[in-house]
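If you're matching them up, the sequences are chains A and B in order.
Take the first sequence: its letter number 188 is residue 187 in numbering that gives the first Met the number 0, and every next letter is one higher.
Take the second sequence: its letter number 93 is residue 92 in numbering that gives the first Met the number 0, and every next letter is one higher.
Honestly, the hints are just simulated from the structure, not real lab data.
One or more hints might be untrue.
Covered by chain A, according to a simulated footprint, are these stretches of chain B (three or more residues, beta-carbon under 8 Å) [what the hints assert, rightly or not]:
hint, segment
1, 102-111
2, 123-130
Lysine to aspartate or glutamate pairs mimicking EDC-like chemistry, simulated, CA-CA at most 20 Å apart [as the list claims (entries may be wrong)]:
hint, chain 1, residue 1, chain 2, residue 2
3, A, K43, B, D148
4, B, K167, A, E431
5, B, K167, A, D133
We put the CB at the ideal spot given by N, CA and C, even for glycine.
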Amino acid sequence: MTSTESTDVLIVGSGFGGAIAAYHLAAGGAKVTVLERGPWLEGKDFEHDYLLGSSYTRIFDFVVGNGMSLLGGNCVGGGSVVYFAAMPRAPRFIFERKGSIGRRMWPGAINRDTLDPWYDKVSEALPVTQQDWDQVSYSGGLFGAACNHAGRTANPVPVAIDTKLCTNCNWMMAGCKFDAKRSLLLNYLPAAIANGAEIRPMHEVQKLVRTADGGYRVSYNVIHDVDYRVSVGSGEIEAKIVILAAGAGATPVILQRSEDTLGKMPHAVGRYFSGNGERLNTAIIDEDKARDLLGLSREDDLSYAANQIGKGPTVASWDNLDGSLPEFSRFCLEQLYFPPGFGTILAQTPDALPGTPTWFGAEKKKIVEKWQSWLTIFSMTEDDNEGVFGTPPPTGNSIRISQQMLGRGPITYNPTENTLFGWRQADAAVKEIMEKDGLSKVMPWTNDVVGAYTVHPLASCRIGDDPETSALDDRHELRGHPGIFVTDGAAVPGALTVNPALTIAALAERAMPGIVQALQARGVNVKYGAPSPDGETSGRRGVKNLLPDLVHD
Amino acid sequence: MRTMTLEAFADTIVPGAKRSPDDRAVAGASEGGGAVVAGAVDLLETPAAGVAEGLDSLTQMLNGHARDYAAEHGLELDEDVPPFVALAFEHRTALVARLVAPGHPEKDGWVALTLFSNMAFDTGAHMHTLDAIAAGHPGLKAMKFSKPDADGLWRFPAFTYGRPLARKHPDTTPSGNPA
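Full structure from sequences and hints, please.
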């Protein structure tokens, strides 16, 4: 008979929600085991290569659903390894959103003022820094100049990038070869390991079962190193506490699959999914106009032609982040780089004749030939939390098609009129900015091919005060299932109108004191209060006064 | 037959010039290399893509749809080549548009073919990118994808206009965030 392993805390996933928990709980004295479904790669392993099987297909997950496709991380470090490191805070009005549920979506305890100290804490740890215009890429500068030309403002975006090390190679989605991107591989995760946390890559959690002593038994498959469709082993671990941080595209699927053994799930598990209201437009820049209208010039007599150069998004326009405007009409616009492979197929040609295809064919090829003059504009709007997860696939969170990366998942997303209204407003603003005086021609990406598209899946297992519309209480514990916590993007109540990574991380930091207390109640000798992973303490001092509200009486 | 049919499909997604005067699969609807020369069939057949096993049935289905389409439009098909290959470019295009349209019951399979056809052109994902560039890959060349440094890594020392190009939002917080 084989004995089942045991640990104090079993963490599913090693992105922001998992890595932050692993560090704080291990540093506090708990035995921490992290199961990560993807591989463990670091700087030396990341490749500038589009060959299938290179680092970018190993560490990315692309799940096509019905009406929505999700992109997410699939590696130790999760989204932080593949993301573009834009780290703005959510605007104040976001926390007052009601969506379509007729009441505030966020827990009463959370607003911008009470989250700011947690934002500070993460910003110290990664760290997040402000960019100035001399660190902004050509594409960001072009977008800023276009906004200015259209009478709007534009800001360099706060980022988790060490700009001294950055080469502006724009291969961020393949992992940063130069360790310039401040992913979790450089802060929380090594600090967690130094404190004894164990991380097991290629371990994909399938199911949870309640044990007689009030803990949980977690079953997993071991995934083949190259062909992720193949499982090469399986096992079980028992834990006093389970933290789900598998990402908003996977966390609810694990819970749904476990419903027959755990018992009824809260209604909001696998519902209220948000794609962060995301929408992409491609502008094809008239290079002469960029020079004549905006006064832009670079080396070799070029004005722009620099789509390939940079570090993801560097400049955003926040003019529509106005809390006095009605819900669903607020959004931000951000310059973005979208690599080939994903980034050209969905772009539509502005000059397609009626009845001819917009996203493939001879006219489409002509715009791809102008690829260096593309500027991608990323809109983050307020969507309506209309995504629903259907029957879970047999394993993982999708039926995998390719050996790596591509799968077919159970999410259905039928955008409501509110979401469509937001997208139309954002599209109109992009057009107004980018087509002014003939600067470019713009078309949104088509939703006809793989549905809408999000790189920031959220809210599929969210916090809130209302048990009918939130799966978690405001300490991130799953309602009706004590000892299961969710700390990833699934916990965020809704679209943020900005890149969500910093908010996900701040909420995970905020959840830690409550989880420490839950462990203490189960007899684990653990303390809260570790400094920042590199030893700084100002973030810790900043949250000190908030702690009494985050633990049960 | 399978290769010709898949080539004709890929050429509908990213068209190219005929490889020779008697090239039937490539319709010649565009100048320069398209998805076929970029390696679409190689990419579809590579085990990593995961669609190789379905290519026989997709080929048969596509030719079946082509026969139906031809009958519907009163077109006579040259029987020397597979039915889809026998269609003129505009008819191939119209048929593919129908197959990938929202609501088509087989949409998933056809979208997968379009994604990989496009990916062959815009990344050459069946080859190491350095090899693809060295071989003059038509897609990367058409996109003017720049060459890397001698060590095979991309670096752009010149990357910025280096000056303020817009006013910042008046409510920006001291930490550089939206209020």
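Each hint, compared with the structure:
1. Coverage of the segment 102-111 of chain B by chain A holds. Counting CB-CB distances below 8 Å, 3 residues qualify, and the rule asks for three or more.
2. Counting residues of the segment 123-130 of chain B whose CB falls under 8 Å from any CB of chain A gives 7; the rule of at least 3 is met.
3. For the hint pairing K43/A with D148/B, the CA-to-CA distance comes to about 17 Å; that is within 20 Å, so the pair holds.
4. Between the alpha carbons of K167/B and E431/A the distance comes to roughly 19 Å, so the proposed pair stays at or under 20 Å and holds.
5. The suggested pairing of K167/B with D133/A holds, with an alpha-carbon distance near 14 Å, which does not exceed 20 Å.
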